[in-house]
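Chemist: The lines below spell out each chain.
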Amino acid sequence: MDKLKLIIRREFNAKVRNKSFIIMTLLAPFLMVGLMFVIVYLGKANDSKQKTIAYVDLANLLKDNKFEDSESVKYEDLTKVGIENAKKQTDNENYYGLLIIPKKDSLELLANNIQFFSQKTPNMEMVNILEKKIENNLRTKKLQYLGVNVERINSARIKSEIKLSNFSGEKSSKFINKIKIGFGFFAGYMIMMFIIVYGTSVMRSVIEEKTSRIIEVIISSVKPFQLMMGKIIGNAFAGLTQFAIWGVLIVILLFIGSMIFGIDMSEMQANSSVTSNQMEMVKEMTTENNLQMLMREVWSLPWTTMLVSFVLFFLCGYLLYSGLYAAIGAAVDSETDTQQFMMPVMLPLMLGIYVGFVTVMNDPHGLVATIFSFIPFTSPIVMLMRIPFGVPLWQIALSLGLLIATFLFIVFMAAKIYRVGILMYGKKPSYKELYKWLRYKG
Amino acid sequence: MKDLLVTKEVTKKFGEFTALNKVSINVPKHSIFGLLGPNGAGKTTLIRIINQITMPDRGEVYLDGNKLKPEDVHNIGYLPEERGLYKNMKVGEQAIYLAMLKGMSKKDAKANLKYWFEKFGIESWWSKKIQELSKGQAQKVQFIITVMHKPKLLIFDEVFSGLDPINANLIRDEILQLRENGTTIIFSTHRMESVEELCDHIALLNHSNKILEGNLNEIKREFKNNTFEVGLHVANKVALENEIKEKFDVSVASFRSLEDDLKLNIQLEKNDTSSELIQYLSSKAQVNHFVEIIPNASDIFIQAVKNNS
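As they're listed, the protein sequences go chains A and B. Residue numbering for the first sequence is 1 to 442, as defined by the numbering used here. Residue numbering for the second sequence is 443 to 751, as defined by the numbering used here.
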């Protein structure tokens, strides 16, 4: 046990005193925050210019329902000056584009003959807005033509939303499901990122002993199992330290940055993460005075279980995978030989993410999702995605137990491969060879 | 208990290949024990078994009368042939870490390290990184790391490789000093002159078997074949050579001498004595040189391997 502590401390020190580690720890938050500001600024710069779109409405289609100017677009009616002059003016004034609605005999013919001229390829979103508006107007015209009372049709439009609730009477909304899924994906991606970055560093550290040839000195003092364990845990501490520093630095930098540049934080978030679809959702919720209910729901999520299991699954998932990375390091002599073993490690990780995406979103407690939340290689990701939807405690415990047992088993195997590996200097291991190694005694 | 380390019929197989076949050796206390053998004979495997890096398939190892147990790594210091240190770690820090892995307390490790650094006059290396040292300097550090936890048994595999003559002598003197202080040393090497210089006992491995073991002097006595190297000053060398050839088994010898002598190796029958030979030779010529040929370790090595195969 004392030796394990010694090894952990050495691995931790070796990692955090490394120059590139220190530089990355300090530099990465600046880069990340800098990038965020750049994105926000670019977005603003892009939006700040109000575009002008001219239109020539010969069919008088827009008579009753005109384009409304918005923050980003201004509309200019050039029907009076005629098509040729409108084109000239558009060109001279450097308008964004010119919409021409010709006069046609029937609405169907008109629908297919509307044109948009612009110097550059137009923004698709803009075209969509124009199309929608025109379609609406065409439909109204058609309805009028058919003798239908448009006002009646409009008043017949009824919006319906099914209210979801569970049997204990708690109401829930579709939006809360998005939050749950969001938590799962955030957790899944965090785990994956952490595993890829720090798992590789465990592997490198295992290989280091071979390239520096200290391996026989070390292994005549400690058991390979202790060595592997020490490396995995030491690197985990180093990784957590780095994550913690990043977290604190990013918050501080964001704070300072927004003070200096006067950028609204909420605006930044709206720009970067929330899609327009979600924005609409939120708008809907708030307009229907459901905000309070939403807040209540967010608070009623099993946060304690979620956070505790996030920490546990995050750690155990990392331990399991870094055990695999350690095994790879144990099997090879140099980093260039690791390629053939990388794929099988990445595969279950990606599988976890995809299975999570597809099955948990459809049915969090379905058979496939449940099974994958027990399989140790996918469980850290899939189980975390399921937990916000409410998972019985025994399932979490069982999944965690399996995970830990598999982790210990893998480290044991890695130690075995390591022990045999030193006797086989210079021999490139194949899977067949590895199997033979595992069967060697001692 | 006169032997510190005993292996009893140790057998180790790697798949189909037998690396060690029922190898038993006895390493006496306070001796320097040479573990010799051609490449691939199984020396390193045996050393690794003693260090508990790998386990034997059959057979047992005893240290100081007791079966080898995991804590015994604290009683053994091992300098492997494939050696190195953490390149990015500082010398002092690294030495203390490795000594603590061998069960020392931090305080003792620091004190011992200081002693050795002063002894070798290398205090200034304490906070250098290994990668800043030359290969020979790193070897010195590695030697200190091997011995600094004061083990009962030291195992050196090719300890002199990569050392210049001055440092090789320094290390050799330290090894002799360690034996004086009561440490038992197993010494594995190809360099036979260092075996001559250092070893009291040897064991010879060939093709996974032990083919020879014992006190070096006794083995030499066993291997000598009553041959004498002589230098004779005489006018007619050819005539005398022919005359001697008729009576004895003779071959041409080569050694450095001041005179233009007739140089011969003369092998006697088992029961003949050297005094008879001297009497005979001095009656024929002036004897300038007369030495019994004692086989050196290298001869024994070659001879034993040849006999074995």
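Calculated directly from the structure, the hints in this document are not laboratory data. Every value quoted in this text rests on a predicted model; they were computed, and no experiment measured them. One or more hints might be untrue.
[Claimed, not checked] Straight line, CA to CA, 25 Å or less: simulated BS3-like cross-link-like pairs of lysine-lysine: (1) A:K3 to B:K455; (2) A:K87 to A:K19; (3) A:K223 to B:K679.
[Unchecked claim] Listed below are several chain B residues computed to face chain A (Cβ distance under 7 Å; list not exhaustive): (4) F459; (5) I495; (6) Y520; (7) E524; (8) R525; (9) G526; (10) M546; (11) K549; (12) I720; (13) Y722; (14) L723.
Virtual Cβ for every residue (Gly too), placed ideally from N, Cα, C.
Chemist: Now, for every hint given, state plainly whether the structure supports it.
Modeler: Right, here's what the structure says about each hint:
Restraint check for K3 of chain A and K455 of chain B: not satisfied, since their Cα atoms lie roughly 30 Å apart, outside the 25 Å limit. In summary, the hint linking K87 of chain A to K19 of chain A is not supported, as the alpha carbons are separated by about 62 Å, beyond the 25 Å threshold. About 69 Å separates the Cα atoms of K223 of chain A and K679 of chain B, which puts this hinted pair outside 25 Å; it is violated. A cut of 7 Å between beta carbons decides the hint on F459 of chain B: the least distance to chain A is about 11 Å, and the hint is violated.
At a threshold of 7 Å, the smallest CB-CB gap from I495 of chain B to chain A is about 5 Å, leaving the interface hint in force. The restraint placing Y520 of chain B at the interface with chain A holds, with a minimum CB-CB distance near 5 Å, inside the 7 Å limit. Taken as an interface hint, E524 of chain B checks out: its beta carbon lies about 5 Å from the nearest beta carbon of chain A, inside 7 Å. Evaluation of the R525 of chain B hint against chain A yields a held restraint, the C-beta minimum of about 6 Å falling below 7 Å.
Restraint check, G526 of chain B versus chain A: the minimum CB separation of about 3 Å is within 7 Å; hint holds. The beta carbon of M546 of chain B comes no nearer than 11 Å to any beta carbon in chain A, farther than 7 Å, and the hint placing it at the interface is violated. Using the Cβ-Cβ criterion of 7 Å, the hint placing K549 of chain B at the interface with chain A is not satisfied: the shortest such distance is roughly 15 Å. For I720 of chain B, the interface hint is violated, since its Cβ never comes within 7 Å of a Cβ in chain A; the closest pair sits about 54 Å apart.
A distance limit of 7 Å between C-beta atoms decides the matter here; for Y722 of chain B the minimum to chain A is near 58 Å, and the interface restraint is violated. Using the Cβ-Cβ criterion of 7 Å, the hint placing L723 of chain B at the interface with chain A is not satisfied: the shortest such distance is roughly 55 Å.
Hint violations for this structure: numbers 1, 2, 3, 4, 10, 11, 12, 13 and 14, all remaining hints satisfied.
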